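J.: So you can see what is in the structure, the chains are spelled out below.
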Amino acid sequence: MVFKKKYVVISVLACTVAIAVAALPSANSEFRNLRVLPKNISSQNLSKIMIDDFEDGLGVSCTFCHAQGKDSLRLDYASDAKPEKQIARRMMTMTMGINKKYFGLKHPLLGDSVLAINCITCHNGQPRPGDLETK
Amino acid sequence: MKNDKLIDFDENDDGIDRAGFLKCMAWAGTGLFCLMSGGILKTYGMSQIIDKTTGGIKKGLDISKGDFSFAQISDTHIGFNKPANPDVIGTLQASISKINAMPSTPSFILHTGDLSHLAQADEFDTLEQTLKSAKTGKIFYVPGEHDVLNDNGKQYLQRFGKDTKGNGWYSFDFNGVHFIGLVNVVDNSEGGLGVLGNEQLQWLESDVKGLSSSTPIVVFAHIPLWAVYPQWGWGTRDSEQALSYLRRFGSVSVLNGHIHQTLQKVEGNITFHTATSTAFPQPQPGAAASAGPMKVPAEQLRNLLGLTSINYVEHDHTLAVTDLPLSDAQQQQPAHQ
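Chains as they are written, first to last, in numbering that gives the first Met the number 0: chain A, 0 to 134; chain B, 0 to 336.
There's no promise every hint is true.
To be clear about the criterion: a stretch of chain A counts as covered by chain B if any three or more of its residues have a C-beta under 8 Å from a C-beta of chain B, and this derived list gives those stretches [unchecked claim]:
#1 38–48
#2 52–62
Within a straight-line C-alpha distance of at most 25 Å, the following computed PhoX-like cross-link-like pairs (lysine-lysine) qualify [stated by the list, open to error]:
#3 B:294 x A:47
#4 A:69 x B:137
#5 A:84 x A:99
#6 B:81 x A:47
#7 B:134 x B:153
FYI, nobody ran anything at the bench for these hints, they're computed from the structure.
Only a predicted model underlies this, so the values are computations on that prediction, with no experimental measurement involved.
Built from N, CA and C at the ideal position, the CB exists for glycine as well.
Modelling step: build the complete structure from the supplied sequences, incorporating the hints.
T.: As structure tokens, this is what we get:
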């Protein structure tokens, strides 16, 4: 009888956990391989960063950092095949570090309007800031 | 239009030549008005045909003889709120007002993509709600690259792609004209060029196969199907193949958005038009470090949304055509007001 009770309790707990996990916001579960950006970032914030910071800030399109899938013309957003994506991660880390170290922001987040500097500060619509110096 | 010469070479006997068209586009408001007459598509900027004092059609523009008319709007970018235009809903409503002011109601509207800015549900909701005030028939859509962010267009297809094929391409017939909506923003190409892809190209070939060569064709897609400025991704990588299926037709009109300015090019029997955005202007091809929202003084925004300047066309084989420069277009502006 005691065994049965334990079994029931465990089953109920297991079900509760399963339901709770299923009920968690799933909006960002599709975003895989996020290393610098928050893993729980919303679709809206992620898109905003991609458009405002990268596309407009660097004057590039998605294919600048994201590789195409195997046997597909669609992008594999999770892929790390392109070195530009690794560089973008380092740049994000650097940018947040500068905002924190030199501008006193405690928890800087890319896309946040209070940032003292962001991508466009140096890139100014160019993929590489150095492009401006050489002109 | 007083004291402004619009017609130098009236090749099509339609009351306007290419230079005149571009001059008018220089001050046009948002949206294009397309008139299909005898299988020939004529395109006008909204401000070009509306008399500001009466709200009616300008004298000398008889649109009632046309077989039917439709309007094109593009790049509404609902959700965009940066300084280039913090009120994209207001400018969309202004565009709708111009459509509604037409004495002859356009049969339908073509929206050539970038409905939303970040492909969010609330942005699509707002667009649909706002467009309900347009007094036209159906609205036909194709997606822009902003509509397929993150989910490769899944949400767009659910909302706007019913009864379409593949990533949202389709065709329909209206008054003897065959309309083809193409999708060139889901598959990707280096440099941001549009891609139609083999599956869609095969569909297109088969879609037009049974049509008589005298059937007027209207193609609409987001990214231009001609090489406007490939350095900024303003072109479609495999558009030539698509156009090869259409060259046998006597009248082909290709309508695009994406570049937020009005350009026109005629290539044999194919006429290309790109539409202005209802949301924000972009720089002329090559005139800035990159494409993107262009901030202008607030009082100029609504005029500049329709601004057209340069036809810069760069084909794969270095053929380049330059049209009226922006400075000339701007100088013409006061004459229209």
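J.: Can you give the numbers of the hints that this structure goes against, from lowest to highest?
T.: 4 and 7
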